[in-house]
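Asker: Please model the complete structure; the sequences and the hints are all you need to start from.
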Amino acid sequence: MKLGLDIGSTTIKCVVLDDENKLIYSTYERHYSQITEKIAELLSRVRREIDGAEQAFVALSGSAGMGVAQDCGIDFVQEVYATRVAANTFIPGTDVVIELGGEDAKILFLTNGLEVRMNGTCAGGTGAFIDQMATLLNVPLEELDDLAKQYEKTYTIASRCGVFAKTDIQPLLNQGARKSDIAESIFKAVVSQTVAGLAQGREIEGQVVYLGGPLTFMSELRRCFDRTLGTTGICPENSLYYVACGAALCADKPIDFDDVIHRVKNYRGSGNFAFQPPLFETKEDYAAFQARHAKADVKQKELKGYKGKAYIGMDAGSTTVKGVVLNSDGELLFSQYLPSKGNPVEIIKAFLEEIYSINPDLNIVSSAVTGYGEDIIKNAFDADYGIVETIAHFTAAKYFMPDVEFIIDIGGQDIKCFKIHNGAIDNIFLNEACSSGCGSFLQTFANALGYNIKDFAKLGLFARRPVDLGSRCTVFMNSSVKQAQKDGATIEDISAGLSLSVVKNALYKVIRASDPDELGKRIVVQGGTFLNDAVLRAFELEMGVEVVRPNIAGLMGAYGAALYAMKKSAGKGRSKLSTAEDLRNFVHEIKVTNCGLCNNNCRLTINSFGGGRKFIAGNRCERPITKKAPATGMNMYEYKLSLINSYKPVEGLRGKLGIPMGLNMFELYPFWYRFFTELKFEVMHSPYSNRKLYQRGQQTIPSDTVCFPAKLMHGHVQTLIDQGVETIFYPCLSYNFDEHLGDNHYNCPVVAYYPEVIRNNMKDVKKVNFIKEYFGIHRPKDFPKKAYERLSFYFPDLTLNEVRVAAKRAYDEQAMYRAKVQAKGDEIIKKAEQEGKRIFVLAGRPYHIDPEINHGIDKLIAGFDVAIISEDVVSSRVDRFHTDVLNQWTYHSRLYAAARYVTTRKDMELVQLVSFGCGVDAITTDEVREILEAKNKIYTQIKIDEITNLGAVKIRIRSLLAAIEEQASEK
Amino acid sequence: MAELKYDKKTGRLLFTKQMKREYTILMPNMAPIHFRMLKDVFVHYGYKAELLETTGPEIAQTGLKYVHNDTCYPALLVIGQFIHALQSGKYDVHKTALMITQTGGGCRASNYIFLLRKALKKAGFAFVPVISLSFGMEKNPGFSLTVPLIRRFVGGLVYGDQLMLLSNQIKPYEVNKGETMALVQKWSDRLSEMLIEGKGYTLEEIDENLHKLTKDFSKIEVNRVPKVKVGIVGEIYVKYSKMANNGLEDFLADQDCEVCVPGLMGFAAFKVDNRLEDYKMFGGNRLKYEFCKMLLDYVTKLETLMVEAAKRFNFVPPHQYAHTKELVKGVIGYGSKMGEGWLLTAEMLELAETGYENIVCTQPFGCLPNHINGKGAIRRIKEIKPNANIVTIDYDPGAPKVNQENRIKLMLAVGREELQKKIDAEKADKAETEDQ
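Chains A and B, in that order, give the protein sequences. Going by the working numbering, the first sequence opens with residue 34, and the numbers climb by one from there. Going by the working numbering, the second sequence opens with residue 483, and the numbers climb by one from there.
With the C-beta cut set under 7 Å, the calculated list includes, among others, these residues of chain B facing chain A:
1. T553
2. G588
3. F764
4. G765
5. S818
6. M820
7. I854
8. V884
9. R889
10. A895
Straight-line distance between alpha carbons at most 30 Å, and here's what the computed DSSO-like set of lysine-lysine pairs gives:
11. K814(A) with K770(B)
12. K668(B) with K572(B)
13. K659(B) with K286(A)
14. K968(A) with K604(B)
15. K762(B) with K713(A)
16. K819(A) with K807(B)
17. K807(B) with K818(A)
18. K867(B) with K796(A)
19. K883(B) with K71(A)
20. K775(B) with K814(A)
21. K807(B) with K796(A)
22. K530(B) with K604(B)
23. K298(A) with K883(B)
24. K796(A) with K864(B)
25. K818(A) with K775(B)
26. K807(B) with K800(A)
27. K807(B) with K805(A)
28. K491(B) with K604(B)
By construction, these hints were calculated from the structure, which means they are not laboratory data. Note that the structure is a prediction, hence the values are computed from the model and not measured. We put the CB at the ideal spot given by N, CA and C, even for glycine.
Answerer: Rendered as structure tokens:
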């Protein structure tokens, strides 16, 4: 008889196998992080219930059980290894095992060379991710599967991280997309993450077996895998217990039950964990703290029977909806703070209905709405004003502290902070890549440990040894928390530790402050998360300053919106807001369709509210609404794309030569085009990126943390191969052209050497003549000879003279291309000057003009009636200057130079595009910021990835424009 | 107190001759055996140098506070450790300088020194001079890398590599626990003394010392039982530094493995050779080429001494650069030189060839060159060496040790299985021969 235990991140499994390896006992339970208690309990139970269990061989597996096993005298079996043993025993002939667990995702290739793949530092696409998504949709897990079965359409959702997915799903929900479609999209995202993230170029074929909780419980998820892999996998009986069975199969010695149970019960881990000073030393400290914060309050008045003027503010946030009614003195007549449950329209409707039921004759003078759902709510209920969130919060904060210098708002999943400089919003920080500094982070943990958030946070107030959890991903924080628990941290210590870590994430990951003076002394904190005294205290301790937290910290967005409506209306007139009568007739219908007016073919969600009022979401430009194409001619990004199109293939006797259109090729295409056309090749490039093209190469990406522009290259090369191109030219280039702007002229390692990755990971390149040789375009004199040496290997009939001539023309072509870009840039600037338009330098890399990479951000910004130029247009207008970083990459030198130039002009602003995962930009962003801020310019950064939430981009751009406007009006 | 002088062109704070007399230079301690000797070379030249031995979570926290959080982990740690030291009160901050290497390659590492200066400014230590340990990237009146100094330096690397190599091969099998490390200590002390006195760096001296120390190690009593053999490769700091890789070597020792960590000499040869390859690929200055060629020849000579000494006493000899380089031909181009470049791929191939087919490939989270040469090359490596059993581990301040160890354990489980197969096959072979 053999006994196996499997301790996963959320559940514990225990099995007993008889001597024929037949399962005679199994149990599957959640452990709520009470791991040791559970182990002891299960062992006692099995011993009681199964005859002969006492003599069984015992082994333990599972990521959460490693430490316990070692210290308590049970053999440990690595869980993937256990799975493998079980699969080989129970389903001989299995080729591939796909197993999803709470925090892990695994693929095991059992035949043709054993390989095992586990998720590394990213927990996207795991059970925890699916849990988060179900919570977000506000449906129980089981229902998620049922919903998915009824899907009609799917949306693209980022699967890399729950946080990214949230930012994709929330707008969809706010825009009224169907839950069933979202549910299916979530499954698709999981599949894509597993396949792309783990398979890493190895094909999943043959007999596939699905294991683990999510795949066992969700049939639609399995079907989704089947569809993607083009196979029919099996989910065996006892699929939940494979790890436990594997452990049992590996067990080779009995244990002394009494001794082990005793040791497990008394297991305290190492007893050391890093900790920080307590939040409050004494009750008196806490009382003083409470008294101090009680001073910042808004007076409450009665709504019922109120006869005066009233103003309504609404904040349709990402997870909560807030609404307030104010009187003319800014006092609160009524307020509501409710979870949005994925449908803010219903919540706001109920909010308004309740106001009318309390005071049917309310004289509403004006109303305003802000937040994620601003557009839809404004349309649905005819609100008078829609304002960007940052302005709403600033307006509210000024009410409590007119000379406020810094505002930080921590909500459910957003952090917004901004500095106030000369009475205007000067610098905005939003969390883009990470929500670990937010309220939902605490919420998730509280729930996981079986508490509600309020009680949970209170636990930490007097903790003696708050755990030092550092700052990072929510999902992995789980493991750190569990480790701390094992090491003897109490629930109080963990609660306090999490509060501190929320603050640290906010400060060091989002704001990246190093000391309080940087942020100013006059700080207002707001957002629901700060209503939590532990978080507030942690913030004050970490910053070393006393801050103001209004008693309506959770309502500040709505409050600010109401104040804004009050100011704008000047107390005159009557609001257009839906009346009680309107609400009775209110209908809300949702239709999903594709736009089809341009190549983007955006997936549109059309909300109709009756009376011909409509709200369209999902669009990247205004075209589906206005039916007019956006004005052209003032957008450098567009121009550059069209310029590349002008290099048409010319038939040549040496055959077709394809160039993948990505990364540096967006700029070097003219050079190589001319070079090879002169050498009598028919030069063509792969089509511009799109989703489909990306997916074509997705399976062959070896590193899931590399930047998206690099990942796209796989799709480009695959497309060229599929098109039947004989030769693909994708050279390695350590160096770029020397533009004499910096200390050196490197390419970044990824741009320089990505061809190596393509060659080593895409098996289809063997079908073509794939040239990834190293060239030195930075040395025009040596180039012809060296290029000749390289190329004659592939084309022995080439002559050096031919190459010389071609090289000369290539350099000329490149110069001509630069000149054209320059001339067009100058033209845009001149035209903007004449028309008095603002000029945005959308600064990034050459490949950021790829619409699949920039997601149409250029068009979105152009929609605000500004001119758009790229960094290389103005970088040549400044002389080389000294930077505080080693200025060694050609593309990045342009960024510094462009920033420098922008500081010399009143009508120019710089917005930096940063690709997620770009390590080099960790250096450039700080430097660009410093260059701009030294001259009082606002720095705006937009992080872009595979999926980008344009809603957040809009907030930034609108805030920036509002800030510029305000700065101008101050002067 | 020394007057603060600044470079006229860039405004950079200089390390002056007066500072050389008065200041203590703090150095990060990447690889303890090696760096101790490097420090001693500086001592010989009259610098007051001190290696930072601090560890603990505060260091990463300090780093996070003063450096962009998406910067690579080694930068966070090195800078965090410097600032933590300056803030500790242990040093007179007005008589302290910092030293950091700068390779000038195309990866982010060349920028560490600038990030360090930015961080110092943020932390209020703008008056602390930073010395760039590089070939002519930044000059300081009070510090210079002379040819004799470099020769002694290289000597230190040779000794460090050999001590590391031998102890890794002996320690797991020693009969008397602790004997190997005691010998490492003894030889480190002896070599340190020599280097401080300015001795022990000529080819003859090195040859003699290598012979003696290798002989000493060969005398340690061992019990050779089959063990899982694991190679460690990766980004250079994470590969060697205990603080960065969460004590990877100790963990593997606990798991009853024999470890092989390719030495620093290969890296040094690689960096020199890059200049030769650049010249061959793109053209350039012939004189510089000849100089680098001379350097590489010198390194090769030293390598040969190490190999011969190891062979003489039946140790697995260290990798020879020329051979390592040959292995990667056709896998990754010699132009891929940023960070550890093609050398990383080559080392994995070589480890698989020399019996260390279980490999941990370490890298900071988001390490750019490793997308190419680490994770990006593994598929190909497995085609060439099907026995290679590689796990890649990302390190950063938030990556929990438990997860990393769990992944390594998986690799080890497969490694153990293969080892068992080998043992069984050998037994069967033996039985067969006995039958006959």
